[in-house]
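Peer 1: Chains as they are written, first to last, in the numbering used here: chain L, 1 to 811; chain G, 812 to 1037.
Just so you know, not all the hints are guaranteed correct.
[What the hints assert, rightly or not] Derived coverage of chain G by chain L (criterion: at least 3 residues anywhere in the stretch with Cβ under 8 Å from a Cβ of chain L; other residues may be distant):
| id | stretch |
| --- | --- |
| 1 | 818 to 826 |
| 2 | 848 to 854 |
| 3 | 935 to 941 |
[To be verified] To give an idea of the chain L side of the interface with chain G (calculated C-beta under 7 Å), a few residues:
| id | residue |
| --- | --- |
| 4 | G543 |
| 5 | E718 |
| 6 | I721 |
| 7 | V724 |
| 8 | L725 |
| 9 | G726 |
| 10 | A727 |
| 11 | K803 |
| 12 | P804 |
[Stated by the list, open to error] Partial chain G-side listing against chain L, Cβ under 7 Å, derived:
| id | residue |
| --- | --- |
| 13 | V880 |
| 14 | F898 |
| 15 | N904 |
Simulated from the structure, these hints should not be mistaken for laboratory data.
The model shown is predicted, which means the values in this text are computed figures rather than measured ones.
Note that the Cβ used here is the ideal one computed from N, Cα and C, for glycine as well.
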Amino acid sequence: MIRNWLVIAIRNLMRHRLYSAINIIGLAVGLAAAMTIALLLRHELSYDNQFAAGDRIWRLNRTEIISGRPPEPLASQSFPLASALAQAFPELETVVRIGRAREILRIDGESQYQTITLVDPAYFTLFDWPFLEGDRATALAQPDRVVLTQSTASRLFRHSSALGRTVEMGDGRLLTVSGVMVDPPSNSSFYGLEMLTATTTQLPRIVQSQEDWGSNWLHIFTLVKPGTDVPALQQRLRDFLVQVRPGASDEAESGFRAELWLQPLHDLHLNPVDASISGRTMVLGLTALAAIILAVASINFINLSTARGALRAREVALRKALGAPRHLVVMQFLGESLLLTLLAGLVATAWLEISFPVLQTYFGLVIDPAFRQIGWVAGSGLLMALALGLLGGFYPAVMLSGYRPATILRGGKIAAAGGGRLRAFLVVLQFTVAIALAIGTATVIAQTRHAASRDLGFDRENVVLLRGLAQKDAKGKLDVLKARLNADPGVIGVAAGPRAPGDPSENTVGYTRREVPGLNLTMRTEQVDFGYFKVLDIPVIAGRVFEEERGTDLLPPEAMGDPAQRLDANVILSRSAVRQLGWLTPQEALGRSFAIPGDIDVRLTVIGVVEDVQYKSARDATVATVYLAAPYRADLVFIRLRGGDVPATVQRLEEIWREVIPQVPLRREFLDQQIDRLYADYVQMARIAAGFAGLAILIACLGLFGLASFTAERRTKEIGIRKVLGAGVLAIVRLLIWQFSRPVLLAILLAWGIAGIVLSHWLAGFAYRVPLDPLLFLIAGGGALVIAWVTVAGHAARVAMAKPVQALRYE
Amino acid sequence: MLKLVDLVKTYRTEEVETTALNSVNIHVRPGEFVAIMGPSGCGKSSLLNIVGMLDNPTGGQYLFNGEEVSKYGERKLADIRKKNIGFIFQSFNLIDELTVFENVELALLYHDIPARERKARVREALEKVNIAHREGHLPQQLSGGQQQRVAIARAVVAKPKMLLADEPTGNLDSANGDEVMRMLTDLNAEGTTIVMVTHSMPHAQYATRIINLFDGQVVAENMRAA
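Okay, chain G solo, but in the shape it has when bound (with noise of 0.2 Å):
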């Protein structure tokens, strides 16, 4: 599905330049569902950010499907990205202004797809995960768990064949954390490839493989028996 080759990512302001990514080589495999742990400021984010496309590497070799990105303006990346690639946030991400249903049609107004059509996706996602009754309301109207169930829905409504997740689960509580890690390990096992970013022992438990990181540079992999 990915494969990284000696990624290097470095940030530069006027004075200082700091290294997120240093020589970071990591290849996920269709079907997985990968979590990567670290302390605050080993390069989580910064990398989940180079795999979903939203920032270019330093240096290095990026290949999506055997194709080398890492070179792409942002015009090309945009198309890759909205036809591989669904994100969920820790802060959810919703625009406060729209709707739950007009947020996650949001996902495929950018896609060439019926108006018809698209309401059909989009309630069929909202029913996924459980939100339907609830379409006709605003963000801030919604628990926090309601609230990211309207993000995954948005996530998965385009059909993407990666999910990226950056802390899914690290603004709710428990129960609703859990909650959200079954309806991943579900997306999974219907054959979405999912890279998620957290914190939690317990929820990096539900991924197939677990890479840590530290200091920008991958330091352990775990393989589970599946």
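Isolated chain L, as found in the complex (with noise of 0.2 Å):
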């Protein structure tokens, strides 16, 4: 019986080759689609399990609480709080620091910048990476050691074994090499590390750092022992920094305060304190992806099984006359369905194997070939295959079973009509969800383009950024490093800064105005070159920017270490700082001071007021900010172009680079990039969800086309007699047009509803956002109409064109 059952099952998909292709290849692609999703959920949903003693590590995490500013959780630390915790706290075994810092290193007689990861000694108590040399235990007990990933050692020793072997320093200094391990798999919070070093090793930023509360810059994890209450611990945690931290009342009086917590391993990835697309956000939105193309696939299936059902009825009617029961009958289309889902699974893992690089490529993800290993590809796409053709197969089974043979047999009609509302209903279904998820990737995309091209409050184009003055070997170069650049006929203006926009790095100080009790504020503070807002373009509001001529608007350098000095210093502040101080107006700011409370102020007095400008991304409204004059803080120079032949200035500024500090290896970026990295997650996500749906759309229109030809060839008698009373062929294709445009048409309406409610929820949930552009909904809703005319055209064309005797058969 199983071979009749074949037999019939092969050649029906023989026979119908276009109904078969559909079918397969629209369950193929929404099965691919799904796959690749199921691997990338498996990837996201894997991370940091690499660790024996995972379950027992935690990261410490802040919560910075500012007044004026919604709170904003932190995963950076302070050097010495490592410390004062593995003191304050025996439930916790052990506190590891891991810091990063960019150090010049001499490889082949040549400086270049290398990350190191500093971490504490007991490092590896907790991360247990696998060694290929070298003893994971004593490998970082003593200082000027490093361990090297598997990729770095053979970067820079080439093929040979890099244990006991030296890496030079820009100052000369040689640390050895004590064991190399594995490089992080992409599933890991510590993807991309290259070298390590302990704590103890006198690298500048450890040195500048060891003492200095206010300074966060590593992260601190914790090995917690067995059997802690967590609950507790977390309780004992919440106000330890205000315990420890020296100056900490002096900052909650000036609004200032920061809360610890814990946040497991397993966690750090799914819900990140820094980023502003969560991993969870992306498995959801992931999840609901996969869900919604298998779905459609599954529709399609369901729709072409039923349609088609009519035509097997006969053989149903036969078969049930010649005694099958109707679970036998049942079991056979069930089993067809199985055979036609597990052969679309089939070439959905063959495409998936071809195409993920590529895959990977467009959505630049970063993924372990190791994830894509062929038994677990092939394995969740026969998986999904048989569920889809359980699931889908079922319905038309049911339905095609119920025949009653005495009906058929006799040759009477078949109520097909039943099943053509369900059709009808998932059609609709379908499209609205392809229309809805087109309107809302337009939306996000463009979201993220108005995001990143707003007004920033400064002019992003044309400016190049040329980091590293910070560095030990550039210090007192700046002045010349102006002048020669300034001296370039392509450079409208050079300043220094200690950082640039995007940068994701910020200094905040408290303020007070005695005159008002009570007004502590936070203000983020940029300590800025004399020509920062002539160069960045910052359109200044009220009063004068930073005059270099003037000797008293430079902060002198002791101003902000050293408390004991009274001082006096000009200020400028952006619209919103004005505010916040209590002054209605920025002219009413002008020539008023406040001041940096401690043993004695820093009285700070208003020249000028500036317009805002965005820091940061587009998430965060822009923030009051307070610009110092100190152009000794300095990190970069931003260079504004005349634009031009802009290849050949970078050139010359980056050989004028290459003059003035040989030592320090040359860091360009362009400010424009620098701010559109801001809102890559974003369009990273955007580029997902328009694949998908793209493809949920063309899946959509496959079923729709192979309902379409079904109907053509349905209602050819109806068309034929229309054709015999005179119907035109435009008339024949008007008719047929109408008919699939009413679902759409329906779907269009349905998908409009739906994209403006969840849209404008995601969009409410942005500082600076786009309105929800009509435009779009129609383009959306009249481009899968016109897809959808373009599917059925074809064969309402063809069976139109047709004699009219070919379309009207004699009985």
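Both chains are given apart, each in its own frame, so use the hints to dock them into the complex.
Peer 2: Printed below as a string of structure tokens:
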């Protein structure tokens, strides 16, 4: 019997090639998409599961609470906090700091930047990465030792063994390689690790910050003792910073407070504290996309199966007349649908194997090849194909097996009308989803563009950044560098600064106005060069900007460091800072003063007000900013170019840097690209959504195509009659197209409603957002309609142009 | 009205070529009522399809009102067809989803006729075949005879010069069959040319001329005294 089923199933596939191809291709595309997503999900959900003690590893985070701003969770901590923590909390078995420093190495006689990860010697007791060379337990027990990852070792030492070799620092110091570990996999929060050294190594970053509670630049991980009551620990930890940190009570006065809390290692990726799109959002979004695509694909499958079912009616009737019980007929049809979905699964697996590298590039995904093991990919494909075959095949099987043999064998009509209503509903559903997805994707992209290109408060075009002025070897070279850069004909202006818009770091300072009791504020504070506002083109609203000729504008270097010294300084405020300090207009603020509180206040006098600047991504509202003139804090120079031949100019600028500061490797960026990077995750999300939305629409259209061909066939008699009565080709095409336009039109209305509601909710999360664009809705709806027309028109025209005698078969 | 000269129709499948009509010559004058008879597979339906311009002949000439139409494309044929020819089928060929009224109206939809006149003409046609009281019914709610009367109403509503009937009584009992034949005779008396294919000798007797077809050829023509 199974042989008979198989023969019939295969002959049916072969005979209705178009129908089979549509079904298999649609299913394969859907399956491939869902398999891709399953792979991504497996990757996302397996993060940081590499460590033996992983369940007991936590990261210490803090939440900064600054009045006038939303609380901000952060992962960075200060160096001294770790030791204080280890002493105060016996339930912490080990406390490990992980920081990063960009150091200069001499490699093959050339200075190169190398990111070195600084860790406490106990690091490997938490993170037990497998070692290829050396002994994990002692590798970092002493200073001036480094552990390399495998790829770094082969980059630095080619193919020879790295153990015992040395790397030379920019200042001539030698670090000895004491171990080679595996590269962290792509599903690790530590992906990209290159070189580790102990915090006992005297690197400038460590020396500077050893006693500095104000500089938060490293992560603190801890191994909690087994059996610890973590909630109770969290409770005690919360205000620990206030207790141990010097000056914390003064800060509290200026409206600044930080709370500590522990986050489990396994949660780091799904709930990142500092990324704008969390892994969880990604996981949920991807799961939804996979479900949608599979649903759209299986709708096709159900629609085509039930539609074709009428053609199989005679076979069913005959089988039943010959005594086949219904459940055997059900099994036969289920078997056929399984055959179809398994074929599709095969196609999908092959397709995924071939195309995944391309997808990876397009989506900007980093996923180790290990995740693409054929066994797992094929397994997931098989599983989904099975599920799809059973779920999608169930309804058609039950429907087809329900035919009453007597009616059919007598030559009576088959009641396909009931199925027709279901089909119409499913088509509406498919197109609703596809159109809504398209609108959603377009809006996400529009919002991303808008956020990236909106008025940032400065002109981001044609600005080059050269970084690295904080390096030791660059000290004292700023003035020469600026003079040389300014002399270049392609340069309009040059200004130094501590950080660029879009950089993650931020400097905040507490302020007060003594004449307004209780007014304590913490505000972003930028220590800038004299030309800063001109070079970045930040509009001045009132007063003036800093002028080098007036010695009084410069903030003396001692001011921020030595509280014993009484100081006066001039400041510039951003528009929002004026408001926060309690003045009504920029004009009113001019000449007024406020203070940095301390044993002796630093008195600040407002000389100018500038427009607010968007230093971070558009998710954050513009923050109030205080500007001080302190070019000696610079780490980079902004260079505004005249435009024109930019590549040649940039090349000259790089040459100047190499001549003036040969010891420091060049790091050059464009400001606009730096800003774009802020939105890279949105662009990635938009691309993924766009890709899958496109697939959903494609699959839906495949289904419509199949259904149209079927309907055109089924309505042959009616069309024949109409033609005999004088209907022209156009009239027939119009008739068929209108029939298929109706569900799509309904879907458009539904999709508009859904997309409108969901998107306005999503957009509400942005400080600066695009309005919902009616044109976008029209284009998505119109596009779907046109695609549907094109899909159906071919069939309609073919049927309409056929000789009526072919259409009108005589019974 | 129509003149077929050496008309040939062959059907070709992958392997075999079948000749359905082999050098057929027929001349039908306006106002005639012609019955075509012959056994199954003799080419009756092929002939009617070509006469009705639902299909093109493989060879020979087809003059309709003096116009050579055998090489015309579908668009042009459709135009001539809707202005001149009405069809009646053995299996009625009513559209299941449309009511009696809508089925008849369908024949006028493809002519440029204002809605009001269209409705009036549909009513008139329905009354002529005594089915007006069922105009809101769907075809499957009617008996076979009633359905064929609707089909006749649909065939004549556009006032064609020629009516083609393909075994119009084949699916009907004798009482209903006679009724349909009386209607055709009345229509012929009003001036409509009729070409009818039939198996039934008694019904063929209603015609003014009988043409016998065998193996794709005309084997006999009998004029009846009108």
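Peer 1: Tell me the hint numbers this structure goes against, listed in increasing order.
Peer 2: 1, 2, 3, 4 and 13
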